[in-house]
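Undergrad: Here are the chains, one letter per residue:
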Amino acid sequence: MTTDAIISTHHLNLWYYDTHALQSISMKVPKNQVTALIGPSGCGKSTLLRCFNRLNDLIDCVKISGEILLASTNIHARGTDVVQLRKRVGMVFQKPNPFPKSVYENIAYGPRVHGIKDQSELDKIVEQSLRDAALWDEVRDRLDESALGLSGGQQQRLCIARTLAVEPEVILMDEPCSALDPIATAKIENLIDTLKRDYTVIIVTHNMQQAARVSDNAGFMYLGRLIEFGQTTQIFENPHEDLTENYITGRFG
Amino acid sequence: MSEKFHTELDRLKQDTAEMVQCARDMLSESLNALTGQDSEKALQVISKKEHIREVTIILEDRTYQLIALYQPMAKDMRVIACTLKMITAAERIGRYGKDIANMVKHLQDQPDFAQPLPIPHMAEQVLGMIDDANAAFQTENLEAIKDFSLRDDTVDALWHSIFRETLTFMIENPKTITRSTYSIMVARYLERSGDHACKMAENIHYMVTGERIEIK
Numbered sequence: 405m406t407t408d409a410i411i412s413t414h415h416l417n418l419w420y421y422d423t424h425a426l427q428s429i430s431m432k433v434p435k436n437q438v439t440a441l442i443g444p445s446g447c448g449k450s451t452l453l454r455c456f457n458r459l460n461d462l463i464d465c466v467k468i469s470g471e472i473l474l475a476s477t478n479i480h481a482r483g484t485d486v487v488q489l490r491k492r493v494g495m496v497f498q499k500p501n502p503f504p505k506s507v508y509e510n511i512a513y514g515p516r517v518h519g520i521k522d523q524s525e526l527d528k529i530v531e532q533s534l535r536d537a538a539l540w541d542e543v544r545d546r547l548d549e550s551a552l553g554l555s556g557g558q559q560q561r562l563c564i565a566r567t568l569a570v571e572p573e574v575i576l577m578d579e580p581c582s583a584l585d586p587i588a589t590a591k592i593e594n595l596i597d598t599l600k601r602d603y604t605v606i607i608v609t610h611n612m613q614q615a616a617r618v619s620d621n622a623g624f625m626y627l628g629r630l631i632e633f634g635q636t637t638q639i640f641e642n643p644h645e646d647l648t649e650n651y652i653t654g655r656f657g
Numbered sequence: 626m627s628e629k630f631h632t633e634l635d636r637l638k639q640d641t642a643e644m645v646q647c648a649r650d651m652l653s654e655s656l657n658a659l660t661g662q663d664s665e666k667a668l669q670v671i672s673k674k675e676h677i678r679e680v681t682i683i684l685e686d687r688t689y690q691l692i693a694l695y696q697p698m699a700k701d702m703r704v705i706a707c708t709l710k711m712i713t714a715a716e717r718i719g720r721y722g723k724d725i726a727n728m729v730k731h732l733q734d735q736p737d738f739a740q741p742l743p744i745p746h747m748a749e750q751v752l753g754m755i756d757d758a759n760a761a762f763q764t765e766n767l768e769a770i771k772d773f774s775l776r777d778d779t780v781d782a783l784w785h786s787i788f789r790e791t792l793t794f795m796i797e798n799p800k801t802i803t804r805s806t807y808s809i810m811v812a813r814y815l816e817r818s819g820d821h822a823c824k825m826a827e828n829i830h831y832m833v834t835g836e837r838i839e840i841k
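Chains as they are written, first to last, in the working numbering: chain W, 405 to 657; chain P, 626 to 841.
Calculated from the structure, these hints are not laboratory results. Just to be clear, a hint being listed does not mean it is correct.
[What the hints assert, rightly or not] From the structure, some residues in chain P lie toward chain W, with a derived Cβ separation under 8 Å: (1) Phe630; (2) Gln696; (3) Ala699; (4) Lys700; (5) Asp701; (6) Gly835.
[To be verified] Chain W stretches covered by chain P per the calculated footprint, using a threshold of three residues with CB under 8 Å from any CB of chain P: (7) 559–571; (8) 608–620.
For glycine and all other residues, C-beta sits at the position ideal for the given N, C-alpha and C.
Can you make the complete structure from the sequences, with help from the hints?
TA: As structure tokens, this is what we get:
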């Protein structure tokens, strides 16, 4: 199966001061599929994820070389609007981080920033985003209540809905379930599976079984290098590299 | 946790190899009992049937537990998959041994025509394949199973030859029909056991390399 790559990197390197955190990473993330990045703590998977919407720009002392293409645009090209980039490449973090505002305002915030003022259009976006994040039925009567009153799993789905509201092409998820209980985790996993119809998802997770369950492709990283990248079934049933084998069978890491 | 898992997986593998050995011994002992018309030895083989059945259930349960508790992946997953197949094959081979042992009492009253059949030679071939498959399972050295295709051809050829020879005996002398029919069944069980050894070899190859092969 060949699909278009929505994100591709070519010899991507990243340094924090003298630490060579990402070493010559070249990979293609297929469109409308779920790609998981796995590897032991500190291997660079979150750093790589944060490269895709230039979140690392916010950290001083980071130096990047190499190329990242979103569709065919170089995201480091001069004149790139980072706000637009982050609209196209949304992100969901490890801990749910809703704004201390109402459920409604959490979702409407992004579209407003991007210039949508019409109330009925905002209403529509809020409902659709909450529906797509499988949260609508649980919060339809609580839209004006504080988002901080929702459960952890609901807050995380709210953050996903907030990301969906600006219609991104790619959704980055950094350990989206690690703060959630198994039921909330199952809901997010189901959601990820339905999201790939319309979006491309890249997920970083420590939970190997989760990576195996939700992803179509998986990349194994170790000490800043991408050791192996391939279809999830191949990586988990018959990895080609010994390092991958040892990590996923729990022999180190 | 992973250390505990790997210790248990190693132990499971070792116990499965022991079960294969036990099933293989049932087959070889049953053939000895048949050749020597030794009904006591035949009874010993038959009595092991319950044991094989119990071990099958115990080993399978342990395998399922490892899957449920640890969700093994990659090589670990393949070891688990191969172990399950080894258990099934061993149980089948053990039951063929029991079936052959059961023939001893039926043949006691039958006249022995001393038919010169190559059953002992065929048994040697098949037992050798089971031994080599079991060794490869434990050592993960594929050298011992690499010529299984050829060896299976030999076993198949022996089966066909025994079948045809026995038919000739029966046509010539209908008094030999009972004994000859049992001989055909023994040869058939041996051929099936050889096939199980081939299946074991295919699964061991998958366990070690992750690649599928077909032994024909």
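Undergrad: All hints are to be evaluated individually against the structure, with a verdict given for each.
TA: Status of each hint after checking the structure:
About 7 Å separates the beta-carbon of phenylalanine 630 of chain P from the nearest beta-carbon of chain W, less than 8 Å, and the hint is met. Interface hint at glutamine 696 of chain P: satisfied, since its Cβ lies 5 Å from the closest Cβ of chain W, which is below the 8 Å cut-off. This hint holds: alanine 699 of chain P has a C-beta 5 Å from the nearest C-beta of chain W, less than the 8 Å allowed. Contact between lysine 700 of chain P and chain W, as hinted, is supported at the beta carbon level, the nearest pair being about 6 Å apart and thus within 8 Å.
Using the Cβ-Cβ criterion of 8 Å, the hint placing aspartate 701 of chain P at the interface with chain W is satisfied: the shortest such distance is roughly 5 Å. The beta carbon of glycine 835 of chain P comes within 3 Å of a beta carbon in chain W, closer than 8 Å, and the hint placing it at the interface holds. With a threshold of 8 Å between beta carbons, the proposed coverage of the stretch 559–571 of chain W by chain P is violated, since 0 of its residues qualify and at least three are required. Coverage of the stretch 608–620 of chain W by chain P holds. Counting CB-CB distances below 8 Å, 3 residues qualify, and the rule asks for three or more.
Violated hint for the displayed structure: number 7, the only one.
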